[in-house]
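Asks: So you can see what is in the structure, the chains are spelled out below.
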Amino acid sequence: MTILVIAEHDNHRLGGETLKSVGAVSTLQQSIDVLVIGSQCQSVIEEASSIGGITRVLVADNLNYKDQLAENCAQLIAELAKDYSHIVAPATTFGKNLLPRVAALLDVGVLSDVVTIESEDTVIRPIYAGNALARVRSRDSKVLMTLRGSAFDAASLGNTQAEQKRVDIAIGNDLSEFVERQVSESERPELTAARVVISGGRALGSKENFGLIEQLADKLDGAIGASRAAVDAGYISNDFQVGQTGKIVAPELYIAVGISGAIQHLAGMKDAKVIVAINSDPEAPIFDIADYGLVGDLFDILPELIDSV
Amino acid sequence: MKVYVAIKRVIDPYVKVRVKSDGSGVETANVKMSMNPFCEIAVEEAIRLREAGHADEVVVVSAGEAACQEQLRTALALGADRAIHIETDAVVEPLSVAKLLAALVKQDQPELFILGKQSIDTDNNQVAQMLSALLGYPQGTFASKVRVEGDDVTNKEGQSINVTREVDGGLETLRLTLPAILSTDLRLNEPRYASLPNIMKAKKKPLDVITPEALGVEIKNHQEVIEILAPTQRAGGIKVDSVAELVDKLKNSAKVI
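Protein chains in written order, with my numbering: chain D, 2 to 310; chain E, 2 to 258.
The hints are simulated quantities; they were obtained by calculation from the structure and are not laboratory data. Since this is a predicted model, take the numbers as computed values, not measurements. Where a beta carbon is used, it is the ideal one built from N, C-alpha and C, also for glycine. The reader is advised that the hints may include incorrect statements.
[As the list claims (entries may be wrong)] Simulated restraints, written as ranges between beta carbons of each label pair:
1) T29/E - F300/D: 40 to 46 Å
2) V180/D - R83/E: 29 to 35 Å
3) N199/E - Q183/D: 33 to 39 Å
4) R83/E - L158/D: 52 to 58 Å
5) G217/E - D175/D: 26 to 32 Å
6) D90/E - Q43/D: 50 to 56 Å
7) N210/D - K107/E: 50 to 56 Å
8) D90/E - L158/D: 46 to 52 Å
9) E305/D - P232/E: 32 to 38 Å
10) E66/E - D233/D: 29 to 35 Å
[Claimed, not checked] Simulated pairs of lysine to any residue, SDA-like, Cα-Cα distance not exceeding 20 Å:
11) K274/D - E246/E
12) K221/E - R138/D
13) K146/E - N239/D
14) K146/E - S238/D
15) K220/D - K250/E
16) K240/E - D282/D
17) K3/E - K107/E
18) K256/E - I307/D
19) K240/E - D298/D
20) K274/D - H223/E
21) K83/D - T56/D
22) K220/D - D249/E
23) K250/E - D289/D
24) K83/D - K240/E
25) K220/D - K252/E
26) K250/E - P304/D
[As the list claims (entries may be wrong)] Which chain D residues face chain E? A few, computed with CB under 8 Å, are given here:
27) L29
28) A71
29) L77
30) G110
31) A133
32) L134
33) A135
34) R136
35) T246
36) I290
37) S309
38) V310
Isolated chain E, as found in the complex (with noise of 0.2 Å):
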């Protein structure tokens, strides 16, 4: 089966985003960028699927501007077949992204479409579920296991997938019929690190550059962004000495046990 995986260029996790303060956004200048770790997660299970036998071939797709493509990269050299990147300076939308990935899968039918629940810039958590419901397949959100029913990757007939989803209280199971879109939950897995041979080999990988327009897809903004906000910061606190001076201080001055 093909796996198709979409994959977002962000801030990097570790970086501490500091808002403009003309409230016009966050500063990007000069700030590392690096994969979504969601995504990460997708590009590992999409390569643990092909390495179990289940997959043939992994794609990895991204949407944005021309830098996007060094993520892109990031996943051939993590194991990805060839990469596909969807050129555009405009800012996307999660229902934008959406629908240029679905015009992908309508071309090259994919048996799986892995995502990320949410990228941690805008924090959505739409884009699964979104591409789902424009192909009208099922969708496997917050996935923390996936298992793949029927070892003959070439047999696509009934073939389905059972999926564990972290949902708030537990865990629930559930059967996908194929072709089915998945979003990933942080502990689906442990993704690998790129080898330097690896990276090497990355450069040699085909990755075709396309527009929305040859997709068909006209990018639409449903939301119009007025402000980017600072979020208030707390008051600095103190430090206590003793067990006995945070018990007094809670029941005092704070009142709250």
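Only chain D is shown next, with the shape it has when bound in the complex (with noise of 0.2 Å):
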């Protein structure tokens, strides 16, 4: 019984859903390695070697792994999958991408956005945009799972080295290639890492009316998150949305402005810890589920809190 955790990485850093997905299988009390795969990651893999509580890094970097793409990717996890009872991912665009394609290979089915594991074989996981939740069992031999970061506690990085073991299973790619990313680029906290969140909606109106959410986002060291509507209308990137299809947070603060609190974005961060809402709408959804409700004009209060934070 030996538990796989796929690493996710930009060949450079350790992405920090990969200490909550340690973190999430720890409570299995199992071995656990983690597979770091990629092109010249070195201080990925050191990185990756400091994890408390694991075994092993396995290590399969090689150029045909540079942009890590599902479909050799997969193939080799299905290849080291034989000395693995459970294989696990970050429920991020990378573990969802991943995951499945290897399940396929392995006819065994996935357990997505798991946000509680029970035991070896049964976890819970939200359905209907977290409006429900299931109790699952498993009935593979072997288990997939992707891991909800924002449910679990992260692993610590320590001083203590695993051992690291290479891998030299190089699979070529001639299905799909990469061609170029554009990243968003961010001074502030990651989002689905942060303290505190504030997000807008369309109320704000206008592009430049969100500066005043990024304002109030600096003064609380937050990160910036928004509905979708306001990333229909252009307001900001699509890689802020907080929701169902969009990203998962639970902040200790939440803060909504301008969003009426449709059911696709409560299942996005209705797990916060507090959860401020302003709207002038009174009758606004988000008052339902808000621990703290101010109703009126947003271009009123939020310079107000600006300068009162």
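With the hints as a guide, dock the two chains, each given alone in a separate frame, to form the complex.
Replies: Written out as structure tokens, the structure reads:
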């Protein structure tokens, strides 16, 4: 019984969600291997080796894996699978793209977006945009899961060094080819890991007005989020979208400004510890789940709030 | 090129779902059903590819109970040419759906298969990736832009497709060789509405009904749903009257700032 955690990284740094995945499976009290697939990713290997509580880091460092495309990475993981009872990855776009492909190669199912691991084969996962929870048992010989980072504590990076083991399987890929990446630059904390998130909706009215959200975020050292309406209106790029189809966050403080609170949005933030809603419509559904609600014009409220925090 | 689209019948996204008190599932009796929103986007993209001269036939497929034919008719009204209903009353998990679709692909050899990235009921986000694996095809998941290279739809030699994907932290563009599998993200397009004349015409379009057995696929359940639970409700909050009061509460009661 050994668990394989697929590391998410950009060939330079280990993604924080990987630590959440290790933290999540550490409750199963099995030995844990972390798999790093990439190219010239020595810094990631070093970082991964220092994750507390793991046994080994498997390293598949090869030019073929430079862009971590699903086609050959899935095949590689499937070839390594025989030694593992569980294979898990973070429920990020990386993990969601990759793990179901591995599962089909192994002829097993996947438990997606797991929020609670109850036992070796039984988990809880949200369905219907988080309006219901399913307790599901896997009947497969291997359990594959993607893990929702906001539901678990991260494993720590320690001083220990896990054993590093090279994997010399170089699988080519003539099916897909990486063309380019456009990265959204941000100086602020990462949305899914931030302690405070300030989100704006359609009521902001323009891209320029979204600057008010940014000012408040900077005051509180928070990350910026958005509703789908704000993204579709072009106020901010879509990787800031919070909700069923965007990012799932569970910060200590979530401030929803000019967001009505459609169920798809609530699915992404209703596990925040404290929710504040600022909205001019006293009937907006967001007030049903907000701990503190303030009814009024956001253009009056926001500047005052920025000044007083 | 021939484009296949998979669609799923789900509880309408604007319905507030209710968990049954016995934990057996969510209430589906007398609840409005519709086509999964991501599938609508998939249908729209296929039709746009045909309108742009890249596709010559759009085929829609759905697996499930007899009532799925309503959603297939909707897709035909939106512009699909023909429909295939894989009729089964069994619970079809993502891997089973992928196997059913893979069997169809092997028979009919479409160059492109477009699916939604996830269905809003089970929220799995798996079928497109699994279908790609079973067929050994490339996958372009969470697509927000699709560009076909080469305008000659009859020339299938060496054709590829460029797909821009929505990934955490930005966008990523891949080039996939055809045949390929795509899954749609919300921003790929804005689906059209079906006009009344097209709804009438759709009734005459071909809709074939087949069984999983005919496709040689055994529907297997890899997972057992033990119980469906209602999420814990948040305790009702309070409304504050001023910014000063809000800041005071956040500082002194909630202690989060």
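Asks: Would you mind marking each hint as holding or not holding in the structure?
Replies: Going down the list of hints, with the structure as the test:
no., hint, result
1, T29/E - F300/D: 40 to 46 Å, "holds, 43 Å"
2, V180/D - R83/E: 29 to 35 Å, "holds, 34 Å"
3, N199/E - Q183/D: 33 to 39 Å, "holds, 37 Å"
4, R83/E - L158/D: 52 to 58 Å, "holds, 56 Å"
5, G217/E - D175/D: 26 to 32 Å, "holds, 29 Å"
6, D90/E - Q43/D: 50 to 56 Å, "holds, 54 Å"
7, N210/D - K107/E: 50 to 56 Å, "holds, 53 Å"
8, D90/E - L158/D: 46 to 52 Å, "holds, 51 Å"
9, E305/D - P232/E: 32 to 38 Å, "holds, 34 Å"
10, E66/E - D233/D: 29 to 35 Å, "holds, 33 Å"
11, K274/D - E246/E, "holds, 19 Å"
12, K221/E - R138/D, "holds, 14 Å"
13, K146/E - N239/D, "holds, 13 Å"
14, K146/E - S238/D, "holds, 15 Å"
15, K220/D - K250/E, "holds, 17 Å"
16, K240/E - D282/D, "holds, 12 Å"
17, K3/E - K107/E, "holds, 13 Å"
18, K256/E - I307/D, "holds, 18 Å"
19, K240/E - D298/D, "holds, 15 Å"
20, K274/D - H223/E, "violated, 35 Å"
21, K83/D - T56/D, "holds, 17 Å"
22, K220/D - D249/E, "holds, 16 Å"
23, K250/E - D289/D, "holds, 18 Å"
24, K83/D - K240/E, "violated, 56 Å"
25, K220/D - K252/E, "holds, 14 Å"
26, K250/E - P304/D, "holds, 18 Å"
27, L29, "violated, 18 Å"
28, A71, "holds, 6 Å"
29, L77, "violated, 13 Å"
30, G110, "holds, 3 Å"
31, A133, "holds, 5 Å"
32, L134, "holds, 4 Å"
33, A135, "holds, 5 Å"
34, R136, "holds, 4 Å"
35, T246, "holds, 5 Å"
36, I290, "holds, 5 Å"
37, S309, "holds, 5 Å"
38, V310, "holds, 6 Å"
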